[in-house]
Amino acid sequence: MVDIDAKNFFNLYMIILDDSKTYPKNIIDQLNQRKVIDLLMNNLWIENIKRDRCIVDIFEDVEKYCNNNGIVGFHCTKEIHTKPYHKTGLRILNMRQHHSEFIQYLKDELRISKEDIVYFKEKLDYFRENNSEGREGTLWFCLNRNFVGEDSEDFLKYYGGEAVYFWFKEDRKITKLCKSIGKPVVIEALIEVSELTIFQEYGFGKTLVSNYAHSINKKFHTSDLEGFVKSDIPSKNIIQVHPKKSFFKKYHQVRNDFNQ
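FYI, in the working numbering the residues of the sequence shown are 747 to 1006.
In short, the hints are calculated from the structure, not lab data.
Only a predicted model underlies this, so the values are computations on that prediction, with no experimental measurement involved.
Glycine is no exception: its CB is placed at the ideal position from the N, C-alpha and C atoms.
It is possible that part of the hints are untrue.
As the list claims (entries may be wrong) - In the DSSO-like style, the derived pairs of lysine-lysine whose C-alpha atoms are separated by at most 27 Å in a straight line are: (1) Lys982 to Lys996; (2) Lys829 to Lys771; (3) Lys976 to Lys990; (4) Lys824 to Lys982; (5) Lys915 to Lys867; (6) Lys824 to Lys965; (7) Lys829 to Lys976; (8) Lys965 to Lys771.
Said to hold, decoys possible - Pairwise CB distance ranges (calculated): (9) Thr943 to Leu856: 33 to 39 Å; (10) Phe994 to Asp871: 34 to 40 Å; (11) Glu941 to Arg874: 25 to 31 Å; (12) Glu941 to Tyr872: 15 to 21 Å; (13) Arg799 to Ser926: 52 to 58 Å; (14) Leu790 to Gln843: 43 to 49 Å; (15) Gly880 to Leu856: 25 to 31 Å; (16) Gln843 to Glu793: 38 to 44 Å.
All chains should be built: construct the whole structure from the sequences, respecting the hints.
Shown next as structure tokens:
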């Protein structure tokens, strides 16, 4: 991943797609062109203007900037006190390893009965043997803050995410346990674009421009973006681990400032 200290690098160069305070000057200058403002004020969707030359120019410059400097992503999960993410970083999904660590945590920290340990282990083993790989080997991020919480509430509520809770959410015994473990956090991290897979052409540019458009035209619909990497995020790339409540409080304040 990016061979820099994200915490120091962030304030200088890092871009958050829905925070205009992080946009480089050349992007701001283009967004404030009269012809661009007219398009943003007189349309509702980024798809309606995505082929206008002045908008494409912004898309291309945003993509270039992100490719050169990386991008900020947000990962929703639960954190246990013995493994703080600012020290461990983030790992790609490895079902076998995650299941083994989950069982060990139940034994060491929660003092779960042997009968329950056997029950949980059999469930996890059966799942791995009878299901496809799914998102195995990937690590997913929301790439704009407005997207955090849209489809990630369960990741903040239940420990284990796609390795444990997601596949057993109909099992009340497991969900009750997963709900009791850890504290909900939103991890803000620096991601190298060359290692990031997204599913939209000019996805960075569309998300940035649509969010900027919404700040001056409340009827303009914002575009959300997610993506995944296939390599671990080291601790030096963790910008901040936000407790859930403080993240949303801070985000809404920034959002209000952005929209003024």
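Verification of the hints:
Simply put, Lys982 and Lys996 have alpha-carbon atoms about 23 Å apart, close enough for the 27 Å limit, and the pair holds. For the suggested pair Lys829 and Lys771, the alpha carbons sit about 39 Å apart, so the restraint of at most 27 Å is broken. Proximity of Lys976 to Lys990 is assessed by CA-CA distance (about 25 Å); at most 27 Å being required, the pair is judged to hold. The hinted pair formed by Lys824 and Lys982 meets the criterion: a straight-line CA distance of about 19 Å does not exceed 27 Å.
Taking the CA atoms of Lys915 and Lys867, the gap is near 16 Å; set against the 27 Å cutoff, the hint holds. Restraint check for Lys824 and Lys965: the C-alpha separation of about 35 Å exceeds 27 Å, so the hint is violated. The straight-line distance between the Cα atoms of Lys829 and Lys976 is roughly 21 Å, inside the 27 Å bound, and the hint therefore holds. For the hint linking Lys965 to Lys771, the alpha-carbon distance of about 26 Å falls within 27 Å, and the restraint holds.
The hinted window of 33 to 39 Å between Thr943 and Leu856 holds, with their beta carbons roughly 36 Å apart. At about 37 Å, the beta-carbon gap between Phe994 and Asp871 stays in the expected band of 34 to 40 Å. A C-beta distance of roughly 26 Å is found between Glu941 and Arg874, which places it inside the suggested range of 25 to 31 Å. As the Cβ distance of Glu941 to Tyr872 is approximately 33 Å, the hint placing it in 15 to 21 Å is violated.
Distance hint check: the CB atoms of Arg799 and Ser926 are about 55 Å apart, consistent with the given range 52 to 58 Å. The hinted window of 43 to 49 Å between Leu790 and Gln843 holds, with their beta carbons roughly 46 Å apart. Between Gly880 and Leu856 the Cβ separation comes to about 27 Å, which falls inside the hinted range of 25 to 31 Å. Separation of Gln843 from Glu793 is about 41 Å and conforms to the stated range, judged on CB atoms against 38 to 44 Å.
In summary, the numbered hints that this structure violates are 2, 6, 12.
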